[in-house]
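A.B. asks: Now for the letters of each chain:
Protein chains: 4
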Amino acid sequence: MKLLVSNDDGYQSPGLIALADALAQLGEVFVVAPERDRSGASNSLTLDVPLRARRMDNGYIRVDGTPTDCVHLALTGLSEADPDIVVAGINHGPNLGDDVLYSGTVAAATEGRFLGLPSMAVSIASHEPRHLDTAARVAVQLVTRLCEQPLESSIILNVNVPDRPYDELNGFMATRLGHRHKAEAVVTGQDPRGRTIYWVGPAGPEQDAGPGTDFDAVRRGFVSITPLQVDLTRHAALETLGRWLTGAAVS
Amino acid sequence: MKLLVSNDDGYQSPGLIALADALAQLGEVFVVAPERDRSGASNSLTLDVPLRARRMDNGYIRVDGTPTDCVHLALTGLSEADPDIVVAGINHGPNLGDDVLYSGTVAAATEGRFLGLPSMAVSIASHEPRHLDTAARVAVQLVTRLCEQPLESSIILNVNVPDRPYDELNGFMATRLGHRHKAEAVVTGQDPRGRTIYWVGPAGPEQDAGPGTDFDAVRRGFVSITPLQVDLTRHAALETLGRWLTGAAVS
Amino acid sequence: MKLLVSNDDGYQSPGLIALADALAQLGEVFVVAPERDRSGASNSLTLDVPLRARRMDNGYIRVDGTPTDCVHLALTGLSEADPDIVVAGINHGPNLGDDVLYSGTVAAATEGRFLGLPSMAVSIASHEPRHLDTAARVAVQLVTRLCEQPLESSIILNVNVPDRPYDELNGFMATRLGHRHKAEAVVTGQDPRGRTIYWVGPAGPEQDAGPGTDFDAVRRGFVSITPLQVDLTRHAALETLGRWLTGAAVS
Amino acid sequence: MKLLVSNDDGYQSPGLIALADALAQLGEVFVVAPERDRSGASNSLTLDVPLRARRMDNGYIRVDGTPTDCVHLALTGLSEADPDIVVAGINHGPNLGDDVLYSGTVAAATEGRFLGLPSMAVSIASHEPRHLDTAARVAVQLVTRLCEQPLESSIILNVNVPDRPYDELNGFMATRLGHRHKAEAVVTGQDPRGRTIYWVGPAGPEQDAGPGTDFDAVRRGFVSITPLQVDLTRHAALETLGRWLTGAAVS
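So the sequences go chain by chain: A, B, C and D.
Note that our numbering has the first sequence beginning at 1, numbered continuously upward.
Note that our numbering has the second sequence beginning at 1001, numbered continuously upward.
Note that our numbering has the third sequence beginning at 2001, numbered continuously upward.
Note that our numbering has the fourth sequence beginning at 3001, numbered continuously upward.
The following block holds chain A by itself, in its conformation from the complex (with noise of 0.2 Å):
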C-alpha cells in the first residue's frame, strides 16, 4: 500500500513526523507538505505562482504553498504512482464543528477525493499535544480497518483524538460536527505608529454540542469520527428552491 500524508503545520511539525512513521508499518508513505505553517488555508488553491518543491534529507518533500497545493501536486505529477490512501495530520489542535470549513488539515485530505478512494484527516485535541502517540496509534487503526473493510470511497473521516494515553481513551464514535454560535467580536487595537488594526477574534462558544456531536465526544473521552461530504449541494431544498424560483422568474 502507497499512502500520502499531508498537513497544514508544515513538514517539520512533530504530528506529521509521529503519523508518517506510525503508518510506515502499513506500507510506503511519501510525505508532501508545506514549507510552513498554512493553518486555517482551508481549501486554498494556488493558481498565479508556480510552486517549488524540495526533498529534505529524511525523503519528505515539502512545497512553498498551501496543504492543498501539496496533495494536489502529489496526486497530479509529483508522484509516480497513485497512493491508495490520503491521511492528514496529526494536526496540533482539534478540528471540530464549524471550524472544519477553515481546516487546511481537512482540506489536505477533501483533495484526495478525485482519486475515489477515502481519506482521512486526523487532529489531536490540544494545541501542546503530549500524545500523540495516541492520534498516530488511532490512525493505523482507521487505515487498518479502510483496508479490511472499504467505506463508500467519497466519503471523507474527520477524525479528533483526545490527548491522553491510548488506553485512557473510551472508544470510537461516529459523530456529526457540531456548531457555534457567531464569533466573538474582532479584536480592535492600534499598532506602534498609531493605526487602527484588527484581529479576527476567537471562534463562538459552542451552541450545538450536545450527545451526538464531535464536540461531546471528545469531551469525553472518545475518538470523534465525523464522516465528511464532498458534495455540497443541499440535495433536500432542491425541489422547494424550484418551486420558490417560479416567483422569481424572468419577466
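There may be inaccurate statements among the hints.
To be verified - Simulated pairs of lysine-lysine, BS3-like, Cα-Cα distance not exceeding 27 Å:
{"hint": "1", "chain 1": "C", "residue 1": "2182", "chain 2": "D", "residue 2": "3002"}
{"hint": "2", "chain 1": "A", "residue 1": "182", "chain 2": "B", "residue 2": "1002"}
{"hint": "3", "chain 1": "A", "residue 1": "2", "chain 2": "B", "residue 2": "1182"}
{"hint": "4", "chain 1": "D", "residue 1": "3002", "chain 2": "C", "residue 2": "2002"}
Treat the hints as calculated values from the structure; they're not laboratory data.
Following the hints, put chains B, C and D in place on chain A, whose structure we already have.
C.D. replies: Just chains B, C and D now, with coordinates in the frame of chain A:
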C-alpha cells in the same frame, strides 16, 4: 434593508461595482472587499497577522485579507448594525461543480451563515464578461424574492448567470453541483535560473454535467441556482459508520 | 523626453498621480508602479516567482511586485524605448537620514542607475500631505534643470519637500543625509490567542541633524536635495584595510 | 564575546550552521534567522505586521521576517545583552559588485551598524558549495583580527570566499565592488492559463571586473574583502550640487 456586499476579485472589480450599484435600489449597501484579487482563497481566514481596513472615496471598505476575512470583520465589528443579507460577487468567471470548493466568492457568502440569513454568491460565466448588468439584475430579482419569501436560513444560493443580454436568458433553474474528472497533470517548467517549477494544471473535464447540474443549466442559457449546505456532515453515512467502527474499536 | 515614473505607495497613490500629471508637461510619462503599498521594500527584487503587469484604464501599468521590480521590468522589457529619466514618488512621508536605506521610493530611483542617467526620488515631509502640488512643482523644476544642465550620471537625487504652499518654501538646499540614534526598542505584545508578537519599533531620535543635514533643511522649510551614490565601496578605507589584512593572512 | 549571527537563506541553511558552529570557538553565538529563504530581500523591514520569534531545539531563534527584521529584533529587544559583533552568512552564492544592493546577507550585516561595531557579511562563491568549512575558517580569522585590531566602527566588511579547500586559497585581498552591465532582458512567458508573466532576467555581464575588484579577486582564488559604507551621501558632489541648484531655485 441593509446589504453586505463582498467578493474575491478585489474592491475595484467591475463585477463588484455593478452588484453594489444594482442592489442600492433595495436598501443600504455596505461594501467590504479585499484590496486585491484573492480568487482561489476558499474559506481561508487570517489568524496570524492583524488586518487593516480603509474606507475609500466611494465609501467601499477595502481590507488586506481574504474574502472570508472581509465578511468576518464586517459582521463582527466593522459594521455598526448587522446586515440583513450577504451577497458576494459578481465573480468574473463561473463557480460551478467542484470548483465551488476553492471559490473565494462562495466562501464570502458562506461566512454570512452565522447571521441565520440566506446568503448568495453570484458569478457570471465568463472571465471577461460583457453583460454584468444581466447578472446584477438577476441578483436584484433573487434578493427581492428572498425578502418576500424567505428560504430556510441556512441555505446559501450559488448563482451562475450566462454572459448574455437579460432578454436572452432562458429562465432560472434549481440545480445540483456537477462534477469534474481529476484535474489535468501539473505543468512542470523551469524558471530562468534553471530550477524546476510546478504550476497547478487546468481543472479536469466535466464528468457529471448532464441534466440537473449547474454545468448543464448554464450551457443551455439558464441562470443556475444551487442550494448549498454549510453542514459538511454526511448524515446518511452516520449509521453505517457506527457499525463499521465496531470493527476498529479500541482494543 | 520620456519619463519613467514609479513609487512604493502603489499605483493609486495621490502622490504618484500628482507627480505623473505634473511631469506630463515635460514629455511622455510612462507609469509602472506596485499594485499595493510596498513601503519599506528597500531594493528587494523578486526572483522566485514571476510578475504580472496590467495596464489600467488611465494608462498606468501596475505590477504585483516591489518598486525595484517595477523599474527593473520597465527598463528591461515592458517599455518599448528606454526612458530618459526615472522619477520616483511623490512619497507620502519623508525619506531622510538612515531611513533612506529602507525606502522603496529611493530604491525605485536607484534601479534606474544602469541607464547612465540621473534618477530622482521625491518625498513630501508629511504622511497625510496637503500640498502635493508643491512637491510636484519642485519635481518639474529639478527635471527641467537636469535636462538643461546634466549632473554626473551616477548621481541619484533624494528630494524631500516640506508640506507647505510653494510660496512658503525657503529655497533649495544641497544636503547630506543626517543620522539617527539606534531605533526604539521593539514593541512586544500578545495576539488575541495569547502568543507573543513583536512590532518593529519607531525610528530612533535624530543624532546628527544639524546644519547641512537633510533633517535640518526640511525642518527649516527648505527643499532638501541629497546626492546619493550607488557605489557602496568605502574607497577611503581600502588602503587601511589592505594593511590590516596582512595581520589576518592565510597561514 | 557575544556574536549575533544571521543570514538570508533561512535558519536551516548549512551555511548558517557552519558559520555558527565555527564562531562558537570565539564566544557566545546567538542565532536569529529567517524561517525561510529570503534571498533578494535587501534591507526590507517589516512595519505593517508584527513578527513572531520561535526558539528551535538547537537554540536558534527563527523569525517570520526578513534578514533585516531578524537583526533589528535581536538588537532592540530579543537579546538580553548587546552583541559585540554581527556576522551574516555563510551565503550560498557570491555577493559581488552591484548584486550587493539586493543582498539580504549584506543587509543583515548593515543592520548592525547602530552598534558602532564592524559587521561582516560572508558569502561563498558557489550556489551549491562544497567547502563551507573554508568560508567558516575565514570568518573566524577575520573576527579574531577585528578583536585584536578594530577597524573604524562604521565599516562593514563584505567577504566573498572561493569555494575551494582552505589550502588552495591564494590569500586575502582588499577590493572595491565591481560593476555589471544592465541586466539581461526580462523573460516573458505564459502561465498555463494563457496569461503573460514576466521573470526578472539574469544579472548582466561584468563591466568593471578588472584588477582591484571583488569579481577579479574571487576569480583568481583570493578571499575578497570589500569595505562598505552605510553613508549613502555622495559627499564629493555636494559642492557641485549646491551651485547647480542655484539654477533651479525657487522663483
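A.B. asks: Which constraints among the numbered hints does this structure fail? Numbers only, ascending.
C.D. replies: 4
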